[in-house]
Amino acid sequence: MSAAAILDITRQALLLVLMLSLPVVLVATGTAVFVAIAQAVTQVQDSSIGTSVRMIVVMVTVIVLAGWAGRELLIFARQALERVFVVLPGMS
524 MSAAAILDIT RQALLLVLML SLPVVLVATG TAVFVAIAQA VTQVQDSSIG
574 TSVRMIVVMV TVIVLAGWAG RELLIFARQA LERVFVVLPG MS
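Per our numbering, the sequence shown starts with residue 524, numbered consecutively.
A portion of the hints provided could be inaccurate.
To be verified - Okay, the calculated beta carbon distance ranges per label pair:
1. 596 with 561: 43 to 49 Å
2. 531 with 556: 33 to 39 Å
3. 567 with 600: 41 to 47 Å
4. 605 with 578: 45 to 51 Å
5. 556 with 600: 31 to 37 Å
6. 590 with 536: 26 to 32 Å
7. 578 with 527: 47 to 53 Å
8. 600 with 569: 39 to 45 Å
9. 562 with 540: 27 to 33 Å
10. 530 with 601: 17 to 23 Å
11. 561 with 537: 44 to 50 Å
12. 526 with 588: 48 to 54 Å
Don't read these hints as lab results, they were simulated from the structure. Model, not experiment: these values are computed from the prediction. Quick reminder that beta carbons are idealized off the backbone N, C-alpha and C, glycines included.
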């Protein structure tokens with residue numbers, strides 16, 4: 524296996540991590556902004572409200588996206604392992 528193939532698999536892995544984590548990060552950020560605005564408008568300054576709402580929303584997001592994320596991860600793992608353990612013609 525060449526260094527270029529290893530670098531390509533690593534690049535694909537990093538892009539997959541970004542693709543799988545981005546929806547959760549965006550939902551957490553959006554929820555934090557919404558809760559912060561709601562707390563500023565209502566003048567409720569309890570930090571546990573923002574934390575608990577964010578945790579619940581992130582948990583629901585992870586549960587909803589778990590099937591898609593698992594499928595994408597399985598596809599990547601299968602492709603990466605096929606590239607690593609490919610049997611070249613003439614080699615046994």
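**Request:** Just tell me: holds or violated, for the beta carbon distance of residue 561 and residue 537 against 44 to 50 Å?
**Result:** Distance hint for residue 561, residue 537 is violated at roughly 35 Å.
**Outcome for the supplied range 48 to 54 Å, where the beta carbon pair is residue 526 and residue 588** = 34 Å, violated
**Asked** Quick one: are residue 600 and residue 569 within 39 to 45 Å, going by C-beta?
**Response** With Cβ atoms ~43 Å apart, the hint holds.
**Item:** C-beta pair residue 567, residue 600: status relative to the range 41 to 47 Å that was hinted
**Value:** 45 Å, holds
**Asked** Holds or violated: 31 to 37 Å for the Cβ distance of residue 556 and residue 600?
**Response** 35 Å, holds
**Prompt:** Does the Cβ pair residue 530, residue 601 satisfy 17 to 23 Å?
**Reply:** At 19 Å between Cβs, range holds.
**Message:** Given a hint of 47 to 53 Å, does the C-beta separation of residue 578 and residue 527 actually sit inside it?
**Reply:** 42 Å, violated
**Prompt:** Honestly, do residue 605 and residue 578 meet the 45 to 51 Å range at C-beta?
**Reply:** Since residue 605 and residue 578 have Cβ atoms about 38 Å apart, the given range 45 to 51 Å is violated.
**Asked** Does the Cβ distance between residue 596 and residue 561 fall inside 43 to 49 Å?
**Response** 35 Å, violated
**Item:** Range agreement (Cβ of residue 540 with Cβ of residue 562, hint 27 to 33 Å)
**Value:** 32 Å, holds
**Item:** Range hint 33 to 39 Å (beta carbons of residue 531 and residue 556) holds or violated
**Value:** 37 Å, holds
**Prompt:** Would you say the C-beta atoms of residue 590 and residue 536 sit inside 26 to 32 Å of each other?
**Reply:** Given range 26 to 32 Å: violated, Cβ gap about 20 Å.
Figure legend: structure checked against the earlier numbered hints; hints not met, in rising order: 1, 4, 6, 7, 11, 12.
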